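There are 2 protein chains.
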Amino acid sequence: MELTPVLDERSGTPLYEQIYAYIRAEIVAGRIAPDAKLPSIRRLSVYLGLSRTPVELAYQQLLAEGYLTSKPRSGLFVAPLGQPAWSPRSPRQEPTAIEGAAAGASPGAASCNAPPVRLDFGYGHTDLEHFPFAKWRRLMNESFLASNRRLFRYGDLQGEPELRAEIAAYLHQVRGVRCTPEQIVVGAGTYHSLDLLCQLLKPAVSRIASEAAVNDGVRAAFEQHRFAMAPIPLASDGIETARLADTDAQAVYVTPSHQFPYGMVLSIGKRYELLNWAARTGGIVIENDYDGEFRYYGKPVPSLQGLDPSGERVVYVGTFSKALTPSFRISYLVLPAPLLARFCDGRHSYDQLASPILQHTLHLFMRSGGFERHMRKMRTLYEKKHGLLLHAVKTHLGSRATVIGDGSGLHILLRISGPLCEGQLIERAAAIGIRVYPVSTYELEAEKAPSSTVMLGFGGVASEQIDSGIAELSRVWPGMAK
Amino acid sequence: MELTPVLDERSGTPLYEQIYAYIRAEIVAGRIAPDAKLPSIRRLSVYLGLSRTPVELAYQQLLAEGYLTSKPRSGLFVAPLGQPAWSPRSPRQEPTAIEGAAAGASPGAASCNAPPVRLDFGYGHTDLEHFPFAKWRRLMNESFLASNRRLFRYGDLQGEPELRAEIAAYLHQVRGVRCTPEQIVVGAGTYHSLDLLCQLLKPAVSRIASEAAVNDGVRAAFEQHRFAMAPIPLASDGIETARLADTDAQAVYVTPSHQFPYGMVLSIGKRYELLNWAARTGGIVIENDYDGEFRYYGKPVPSLQGLDPSGERVVYVGTFSKALTPSFRISYLVLPAPLLARFCDGRHSYDQLASPILQHTLHLFMRSGGFERHMRKMRTLYEKKHGLLLHAVKTHLGSRATVIGDGSGLHILLRISGPLCEGQLIERAAAIGIRVYPVSTYELEAEKAPSSTVMLGFGGVASEQIDSGIAELSRVWPGMAK
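Just so you know, the sequences run in chain order A and B.
The working numbering puts the first residue of the first sequence at 49, with every later residue one more than the last.
The working numbering puts the first residue of the second sequence at 49, with every later residue one more than the last.
Treat the hints loosely; a few may be bogus.
Intra- or inter-copy, both count: the list cannot distinguish identical chains.
[As the list claims (entries may be wrong)] 25 angstroms max Cα-Cα, derived DSS-like pairs, lysine-lysine:
# : residue 1 : residue 2
1 : Lys250    : Lys433
2 : Lys442    : Lys85
3 : Lys85     : Lys347
4 : Lys318    : Lys347
5 : Lys183    : Lys496
Calculated from the structure, these hints are not laboratory results.
A quick note: this is a predicted structure, and the numbers were derived from the prediction, not measured.
Pulled out of the complex, with its shape left as it was, chain A reads as follows (with noise of 0.2 angstroms):
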């Protein structure tokens, strides 16, 4: 421990009574904890630049005032009082506020007097039974070496260089997308990555059109660069695009793989029409391919960016949350050739955030094919408890509820028929200790929001608990007939 007082030679109050006022406000304040050493007296008088006797005076007057303790052979210790206020090593153990909000990937969840949470349907977890941790640590042993200098200093501004080109062949062969390791820029979440396309779009762009749902925190993103939006409304093959001419938007924002929330997959025909409004305007469409990598049925489907010719409309964005773990933070952006350059002029302010080690040992991890072998494993693993959340629901559920945006991702919808809400499917779920999500929360236009609809994860789910958690939740939302 070390102490650091504001001391005032000038004052009338000599320098040890400074010194004791100083300690004694902080042990009563639990500042310093009950049961701390003290540094000792040379110490503390070296590190002040002070001689001992202040010191040793302050210290001889808290000893005799009882605020410390003499220990022989071990030093002097903070006495231990009665209910310090507050003790800097041992934090409350509830959650405040802010960190029960935070906990979940979205807001709606279980009130305060809820119980545990015994099952979580949250969307944004993935499954941790068959991550590869004694692979992990090996090649993150393998980057953290005294040798790999250059880890250890700021990296790389645009992302480590052979991280980038482990995406870009990755991308092409999983996704179909078309770039060179140039084009892609690293980031340290899609938050982070949304907020550099911002900043890029931002000469040229005012007005950013959106599928009507939108994922809230992309939506914050684009609200605080202060684009205007433009909701176009969606049908069972994605995004109206023929809405798209009644907008002045010089952008326009989609997940075609696996519509964030509603789950629909955007037709190729539709495809080609926003790659035609892109030619013929000179927009840009911002394709968020978030967990394009999972498909559960029929063929996959490539991302848009592969299918423009011009290679010069589209942005890519993606992430590794969904296919590994949100814990790396690390997505990426695909940049077109004019917004490469916009990015190359360097009129932005951007820092790379992403850890420069788990750049590094992710590299590691997609070189080696472990990557690509715990995709296979996952999408296997996905699919198969994509497929007994189904069987449940209709087990359980049967006519009372309609599946959504089945068939990729790692979430599903279900609209719930009978007399609950949104908000009550939510509290009933909760009062048994099972949290699923709102949908409401992600519409635009917040009266277009359907009714009675919930969001279920079911990545992070292990199979054993999806099928008597299903059958729980029917026993506390009622159908019509009761």
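With the hints as your guide, set chain B onto chain A.
Frame of chain A; chain B shown alone:
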């Protein structure tokens, strides 16, 4: 490898031809590398949701035309081509223009024709020789366990609570900061923390007064949020606080422990003037204490935050980039009550971009006492390097050089009397493989930039290189007499 062509079953072109054309095009363009192994017929057909026939026909055609070769019992491989246009698995070795510019912490580095850098007085570099690599690997492995499920999710929006408790205790002991863990918001680097701070300031602040010379990243963050800046001149004891009253600024940005870049310490009198100004006007003081832990003589200078009697007017900004390494990407804000309330309101766009794994590891490092020991070791080490640098400057440059901003932190400035301007000093150094950095870029008003002054960081330079490096510089930096 997987392949994701766009296939159209309704087009007139048979599927096998579409697959054939896709793979051929990708091989020709080099997007599938020579010698890459193709997926088996079975696997690709399953992946594409097709029967085996079209895949088999496509492969036969590619084999016949020489794009593929077959290795018995091993599979099909891309034939070696003359000169593939681009291979995703072998990125170019030379950095791109952007990468080159980003490699240093600051602009103004060596030009393209300069010899390789032998000695880099980079300001952002820390000493890695004495970094506790083995201990960090051990703690990282301890964090990276399947049982720590929480660490593999999105994490606490404000930062891991245990880490915040450690930071609060550390700041109290070493910097005299008074705060609870609840006041701390972790970020992924100073840029990220300032981005949040700007959002929290926005409702009440339109103009920010600032030391006339400011870190370029800080300035970019303020400008991105469209704050007007009011530069305040610097005296030898810090910012001219009396001039604050001439502005209508509602906030002031300062680096009181060690002004960046000039290195002066804000006097105690001016500290109180700043706090009085804030109390009188309701203004906010932004204290960036980026390297306040390192001081080499005199008494410790406690933070401004700890001096604020109200506890309501100072925002403290800190980082682990100097104390440990920038690679962990961990910074923090200490928010006073009014801004904390605004943060809890949630009307801002913020995502926790610092990896929960690295946050947890840092918490273990601090809790174990390892951080305190590391800081004591580094203080001694940097003090030694600082002394060696000042000694070398005196020995080799003598009266030609004036040292500015010594006594703390990880850099000094050198004003070189003689005919060379800043750019020439930098270029001549670069010509012999030594990097030194400009100062003029940090001035808000370019015409006030000092002439013939350069910045030398010494944190990352090996002790034994300091003397010879300065001796070499003295030979290419002639004085007035020559």
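Evaluated hints:
no., hint, in the structure
1, Lys250 - Lys433, "neither (42 angstroms within a copy, 45 angstroms between copies)"
2, Lys442 - Lys85, "neither (63 angstroms within a copy, 42 angstroms between copies)"
3, Lys85 - Lys347, "between (66 angstroms within a copy, 22 angstroms between copies)"
4, Lys318 - Lys347, "within (17 angstroms within a copy, 69 angstroms between copies)"
5, Lys183 - Lys496, "neither (47 angstroms within a copy, 55 angstroms between copies)"
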